[in-house]
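Q: Sequence:
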Amino acid sequence: MSKKNLFQRTFSKENNNDKPLHDLKEIPSENEQKVTPVISNDQIALRAYFISERRRQLGWEGDENSDWTNAERQLQAEALEKPTKKK
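Numbering of the sequence shown is given in the numbering used here, commencing with residue 82 and proceeding in unit increments.
I should point out that these hints are in silico values taken from the structure, not numbers from a laboratory. Hints may contain errors.
With beta-carbon atoms standing in for the labels, derived distance ranges [as the list claims (entries may be wrong)]:
1) ASN146 to SER121: 10 to 20 Å
2) GLY140 to VAL119: 31 to 41 Å
3) ASP123 to ALA158: 10 to 20 Å
4) GLY140 to THR117: 15 to 25 Å
5) ARG137 to THR117: 26 to 36 Å
6) GLU159 to ARG136: 11 to 21 Å
Nothing here was measured: the structure is a model prediction, and the numbers come from that model. The beta carbon of each residue, even a glycine, is placed where N, CA and C say it ideally should be.
Turn these sequences into a full structure, and let the hints steer you where they fit.
A: Written out as structure tokens, the structure reads:
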């Protein structure tokens with residue numbers, strides 16, 4: 082189907098309005114695709130250590146598994162906030 086036919090079909094007056102038959106959705110280009118940050122286990126372990134030290138100092142409940150999970154979440158959130166450098 083040619084572009085002209087597609088345009089005529091999409092915006093035809095037979096629809097009794099000038100609205101397109103479909104919704105246009107933004108599709109991310111290859112350069113805009115979501116990037117998942119790579120975080121090493123050493124980074125997570127170090128952050129989990131500091132989380133556990135603070136938790137124990139303040140007398141909060143928790144264990145090493147929750148410390149590890151919180152460390153992963155914090156590092157991922159921080160990595161997504163930082164703008165990536167283009168080479």
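Q: For each hint, tell me whether it holds in the structure or not.
A: Here is how each hint holds up against the structure:
In this structure the hint that ASN146 and SER121 lie 10 to 20 Å apart at CB holds, the actual value being about 19 Å. A hinted range of 31 to 41 Å holds for the C-beta pair GLY140 and VAL119, which are about 35 Å apart. The beta-carbon spacing between ASP123 and ALA158, approximately 18 Å, falls within the hinted interval of 10 to 20 Å. The beta-carbon spacing between GLY140 and THR117, approximately 35 Å, falls outside the hinted interval of 15 to 25 Å.
Separation of ARG137 from THR117 is about 32 Å and conforms to the stated range, judged on CB atoms against 26 to 36 Å. Under the hint 11 to 21 Å, the C-beta atoms of GLU159 and ARG136, about 19 Å apart, fit the expected range.
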